[in-house]
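Q: Spelled out, the chains give:
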Amino acid sequence: MARHQLFELTRMRVVTFLREPEAVFWVIVFPLLLAIILGWAFQDRGIASETVAVLVDEEGARPAVLELLEAEEHLQTEVIIDRDEAERRLAFGKIAILVIPGNPVTLQYDPQRPEADIAHLRVERALHIAPEERAAIKNVEVKETGSRYIDWLFPGLLGMNLMGTGIWGIGFAIAEIRQKKLLRRFLVTPMRKSSFMMAFILSRGVFLVGEVGVLVVFATLVLGVPLRGSLIGFSLLCVLGTITFAALGVLVASRARTIEGVSGVMNLVMMPMWLFSGVFFSYEKFPEAVHPFIQALPLTALNDALRLLMLEGTTIVDLLPHIGIQLAWTAVTFLIALKVFRWE
Amino acid sequence: MTTDASDMVPALEVQGLIKRFGDLEAVAGLDLVVPQGRCQGLLGPNGAGKSTTINIIVGLLLADEGEVRVLGTDWRTDAQAIREQIGVQLQETQLFEKLTCFEALRLFRSFYRSGRDPDEILDVVGLTEKRDARYVTLSGGQKQRLSLGCSLVNDPKLLLLDEPTTGLDPQARRRVWEIVDDFKARGGTVLLTTHYMDEAEQLCDDIVIIDHGKSIAEGSPQQIIRSLGAESLIEFSIGSDTSLAQGELEQLAGVVRVHAQDEKVTLHVEATHEAVPALVGAIRDRGMSLVHLQTHRPTLEDVFVSLTGRHLRDG
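Protein chains in written order, with the working numbering: chain P, 61 to 404; chain B, 3 to 317.
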């Protein structure tokens with residue numbers, strides 16, 4: 061007896077979906093990975109999930125406020141002597157609140173930052189434990205340019221954008237050329253392979269001017285994000301980031317035969333960096349032990365360098381370690397790409 | 003085309019070519035010499051090894067065994083020199099959808115040290131009116147002519163075409179043939195693969211029929227057809243459950259060879275005027291009747307059928 065059409069139609073949908081291994085990956089495995097990594101970043105590690113800093117006058121000083129904060133279960137405290145350093149850590153999201161002892165106690169934080177609100181509640185709770193010593197609280201919301209969440213966020217968004225357009229743009233273009241069998245057609249001409257590869261990177265450079273230009277003009281003029289370092293240094297970082305991700309894009313597309321195939325690989329390469337490289341939240345969220353690995357990612361190097369240059373005015377010379385990481389990635393990925401690239 | 007010492011060298015020499023894919027021997031010992039100025043056809047069904055052979059000749063594939071010399075040069079000694087002098091049209095190549103005809107030709111022209119002006123090529127392939135039209139808007143025939151144009155921009159000495167008219171309508175095919183004829187008239191050498199016998203007869207001075215990676219017949223189209231030893235072919239069929247014994251048919255006046263497939267019988271005959279009455283008489287004597295009778299001059303297709311028992315299109 062023939063089975064019901066609804067059954068057969070449903071079965072057809074399920075079977076064709078399961079026969080598309082990439083779809084299965086994106087629908088089932090990818091969200092699971094995402095959940096695991098985010099869970100790891102934001103898990104309650106038992107002791108404290110938010111870090112606050114207490115400003116002190118001298119080494120070893122222990123103001124009463126510090127004792128109270130240390131008693132609060134879900135706060136991690138650190139002690140800082142240098143006020144500039146403290147504000148820098150606040151701006152970079154390494155601490156959620158800066159606590160300045162005194163009467164009243166000053167709590168300096170950026171309410172725009174997601175974690176600051178929770179930390180603020182916990183600090184208030186900690187300080188209100190002993191009613192007889194009830195400390196007056198003065199809240200200082202960080203609004204000054206260069207210390208807001210948006211100021212911290214923008215360089216990361218810029219870095220992420222450079223990565224995305226570099227890898228998507230080049231990965232798709234190469235897969236398309238291969239899918240059209242144009243690559244073999246080019247190969248029977250005397251076209252130089254190096255010209256072919258370089259053209260991708262140069263064309264990215266053309267788009268870079270528009271891409272970054274529009275973003276930066278908007279961010280500085282409308283949002284008031286500072287650009288404290290030199291414009292030349294900033295341009296250099298953008299060009300370097302573009303080249304790094306262009307090379308990565310060539311490597312990602314070096315074997316893929318189809319556009320569908322290359323999409324999967326691209327997302328797989330970019331996903332860890334979206335999450336780890338401090339685009340939306342500081343990688344301080346992850347355990348200290350994995351920081352060296354996170355810092356070795358090309359997007360982390362680019363984001364950190366862009367932040368330091370834009371927010372702190374750090375010079376290119378002081379950013380050489382970050383630049384070194386990116387150059388190393390560029391050289392290694394480009395060489396591997398040349399070696400494994402599927403011309404035929 | 004200039005005349006110099008290099009004109010003495012064959013445009014293409016292939017010796018003992020062997021290419022295996024796993025257990026399959028796609029090309030099984032092929033020899034080929036194409037003198038300059040000739041048009042050589044590789045005729046055979048799909049899967050005969052034609053495209054593999056072309057891919058080896060144009061340097062996309064490495065042969066397992068054998069020698070390939072293009073315009074006197076070995077791929078191993080100077081690949082770039084070969085690439086500068088050959089024009090290639092591969093199967094299934096698509097150009098960039100959003101490039102115009104002119105831009106596509108200019109791109110390909112940039113790969114070569116010398117060659118012809120893209121506008122001149124547009125004229126050669128009859129696309130001057132489509133100069134600024136994007137690739138995606140072209141018809142199948144126009145796309146194919148643009149692709150042919152891309153293989154002519156370097157003014158090649160040797161043009162290699164892999165199934166240049168597959169999938170085109172008859173009029174579009176004729177326009178492609180005109181372009182190839184024009185190239186031949188300029189003194190160019192052509193190697194083309196096809197599974198259309200009319201294309202081979204129309205364009206080629208010499209033909210190699212290949213099957214299972216081997217040459218099974220060689221020569222000019224006329225020579226190959228003459229090798230059948232038949233003036234014409236008679237195809238006939240009679241009622242389904244009765245048939246004439248093959249031996250009897252061979253005894254008929256003027257019949258050289260008998261080939262039966264399903265209900266259809268083909269007679270290769272030397273003298274049509276003797277064979278037809280003899281056949282009709284034999285059928286009438288047995289009280290049978292003809293369902294179908296047709297005579298035609300032999301073609302390359304008939305040669306292929308006679309050599310392999312299969313049709314070219316069957317693959």
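Think of the hints as simulated: they come from the structure by calculation, not from any bench. There may be inaccurate statements among the hints.
[To be verified] Taking lysine-lysine and the DSS-like style, the derived pairs with C-alpha atoms no more than 27 Å apart in a straight line are: (1) Lys154(P) / Lys198(P); (2) Lys145(B) / Lys240(P); (3) Lys241(P) / Lys345(P); (4) Lys266(B) / Lys240(P); (5) Lys100(B) / Lys145(B); (6) Lys241(P) / Lys253(P); (7) Lys203(P) / Lys399(P); (8) Lys399(P) / Lys253(P); (9) Lys132(B) / Lys100(B); (10) Lys145(B) / Lys399(P); (11) Lys154(P) / Lys203(P); (12) Lys154(P) / Lys399(P); (13) Lys266(B) / Lys241(P); (14) Lys399(P) / Lys240(P); (15) Lys253(P) / Lys240(P); (16) Lys132(B) / Lys145(B); (17) Lys186(B) / Lys159(B); (18) Lys159(B) / Lys145(B); (19) Lys241(P) / Lys145(B); (20) Lys253(P) / Lys132(B); (21) Lys241(P) / Lys132(B); (22) Lys240(P) / Lys100(B); (23) Lys186(B) / Lys132(B); (24) Lys240(P) / Lys132(B); (25) Lys186(B) / Lys253(P); (26) Lys145(B) / Lys186(B).
[To be verified] Going by beta-carbon spacing under 8 Å, a handful of chain B positions derived as facing chain P: (27) Val35; (28) Trp77; (29) Arg85; (30) Tyr114.
[Claimed, not checked] Cβ-to-Cβ under 7 Å is the rule here; a few derived chain B residues that face chain P: (31) Asp25; (32) Leu26; (33) Leu62; (34) Thr79; (35) Gln87; (36) Val90; (37) Leu92; (38) Glu94; (39) Thr95; (40) Phe113.
Quick reminder that beta carbons are idealized off the backbone N, C-alpha and C, glycines included.
Q: Give a verdict on every hint.
A: Structure-based check of each hint:
Distance restraint check for Lys154(P) and Lys198(P): the Cα-Cα separation of roughly 22 Å lies within the 27 Å cut-off, and the hinted pair is therefore satisfied. For a cut-off of 27 Å, the pair hint linking Lys145(B) to Lys240(P) stands: about 13 Å separates their Cα positions. Distance restraint check for Lys241(P) and Lys345(P): the Cα-Cα separation of roughly 46 Å exceeds the 27 Å cut-off, and the hinted pair is therefore not satisfied. Annotation: proposed proximity of Lys266(B) to Lys240(P) is violated, straight-line Cα distance about 43 Å (limit 27 Å).
Between Lys100(B) and Lys145(B) the alpha-carbon distance is near 13 Å, which keeps this suggested pair within the 27 Å criterion. As the CA atoms of Lys241(P) and Lys253(P) are separated by approximately 16 Å, the hinted pair is consistent with the 27 Å bound. Taking the CA atoms of Lys203(P) and Lys399(P), the gap is near 51 Å; set against the 27 Å cutoff, the hint is violated. Proposed proximity of Lys399(P) and Lys253(P) is supported: the alpha carbons are some 12 Å apart, at most 27 Å.
In summary, the hint linking Lys132(B) to Lys100(B) is supported, as the alpha carbons are separated by about 13 Å, within the 27 Å threshold. Restraint check: the Cα-Cα separation between Lys145(B) and Lys399(P) comes to about 34 Å, which exceeds 27 Å; the hinted pair is violated. With a C-alpha separation of about 17 Å, the suggested pairing of Lys154(P) with Lys203(P) holds against the 27 Å cut-off. Taken as a hint, the Lys154(P) and Lys399(P) pair is broken in the structure, with Cα atoms around 41 Å apart against an allowance of 27 Å.
In summary, the hint linking Lys266(B) to Lys241(P) is not supported, as the alpha carbons are separated by about 42 Å, beyond the 27 Å threshold. Only pairs whose Cα atoms come within 27 Å are accepted, and Lys399(P) paired with Lys240(P) is accepted, the gap being roughly 22 Å. Straight-line distance between C-alpha atoms of Lys253(P) and Lys240(P) comes to about 18 Å, which keeps the hinted pair within the 27 Å bound. Between the alpha carbons of Lys132(B) and Lys145(B) the distance comes to roughly 11 Å, so the proposed pair stays at or under 27 Å and holds.
At most 27 Å may separate the alpha-carbon atoms for a hinted pair to count; Lys186(B) and Lys159(B) meet this at roughly 10 Å. Annotation: proposed proximity of Lys159(B) to Lys145(B) holds, straight-line Cα distance about 23 Å (limit 27 Å). The hinted pair formed by Lys241(P) and Lys145(B) meets the criterion: a straight-line CA distance of about 15 Å does not exceed 27 Å. A C-alpha spacing of about 30 Å is found between Lys253(P) and Lys132(B), which places the hinted pair above 27 Å, so the restraint is violated.
Under the criterion of a C-alpha separation no larger than 27 Å, the hint pairing Lys241(P) with Lys132(B) is consistent with the structure, at around 23 Å. A threshold of 27 Å between alpha carbons decides the hint, and for Lys240(P) with Lys100(B) the separation of about 13 Å falls inside it, so the pair holds. Distance restraint check for Lys186(B) and Lys132(B): the Cα-Cα separation of roughly 25 Å lies within the 27 Å cut-off, and the hinted pair is therefore satisfied. Taking the CA atoms of Lys240(P) and Lys132(B), the gap is near 22 Å; set against the 27 Å cutoff, the hint holds.
The hinted pair formed by Lys186(B) and Lys253(P) fails the criterion: a straight-line CA distance of about 31 Å is larger than 27 Å. Note on Lys145(B) and Lys186(B): the hinted pairing holds, with a Cα-Cα distance of about 21 Å set against a maximum of 27 Å. Evaluation of the Val35(B) hint against chain P yields a violated restraint, the C-beta minimum of about 21 Å exceeding 8 Å. Because the closest C-beta pair between Trp77(B) and chain P is about 11 Å apart, greater than 8 Å, the hint is violated.
At a threshold of 8 Å, the smallest CB-CB gap from Arg85(B) to chain P is about 4 Å, leaving the interface hint in force. Annotation: Tyr114(B) was flagged as interfacial toward chain P, and the flag holds, the nearest CB pair being 6 Å apart, inside 8 Å. For Asp25(B), the shortest C-beta to C-beta distance to chain P is roughly 21 Å, which exceeds 7 Å, and the interface hint is violated. Proximity of Leu26(B) to chain P is violated relative to the hint, the smallest CB-CB distance being about 18 Å (cut-off 7 Å).
Satisfaction of the interface hint for Leu62(B) is found here, the shortest Cβ-Cβ separation to chain P being roughly 6 Å, below the 7 Å cut-off. Violation of the interface hint for Thr79(B) is found here, the shortest Cβ-Cβ separation to chain P being roughly 15 Å, above the 7 Å cut-off. For Gln87(B), the shortest C-beta to C-beta distance to chain P is roughly 9 Å, which exceeds 7 Å, and the interface hint is violated. Hint status for Val90(B): holds, given a least beta-carbon distance of 4 Å to chain P, under 7 Å.
Taking 7 Å as the C-beta contact cut-off toward chain P, the hint placing Leu92(B) at the interface holds, the least distance being around 6 Å. Against a cut-off of 7 Å between C-beta atoms, the interface hint on Glu94(B) holds, since the closest Cβ of chain P lies about 5 Å away. Given hint, Thr95(B) at the interface with chain P, holds; its Cβ is 5 Å from that chain's nearest Cβ, closer than 7 Å. The beta carbon of Phe113(B) is positioned within 7 Å of a beta carbon in chain P (closest approach about 4 Å), and the interface hint is therefore held.
In this structure, the hints that do not hold are numbers 3, 4, 7, 10, 12, 13, 20, 25, 27, 28, 31, 32, 34 and 35, in rising order.
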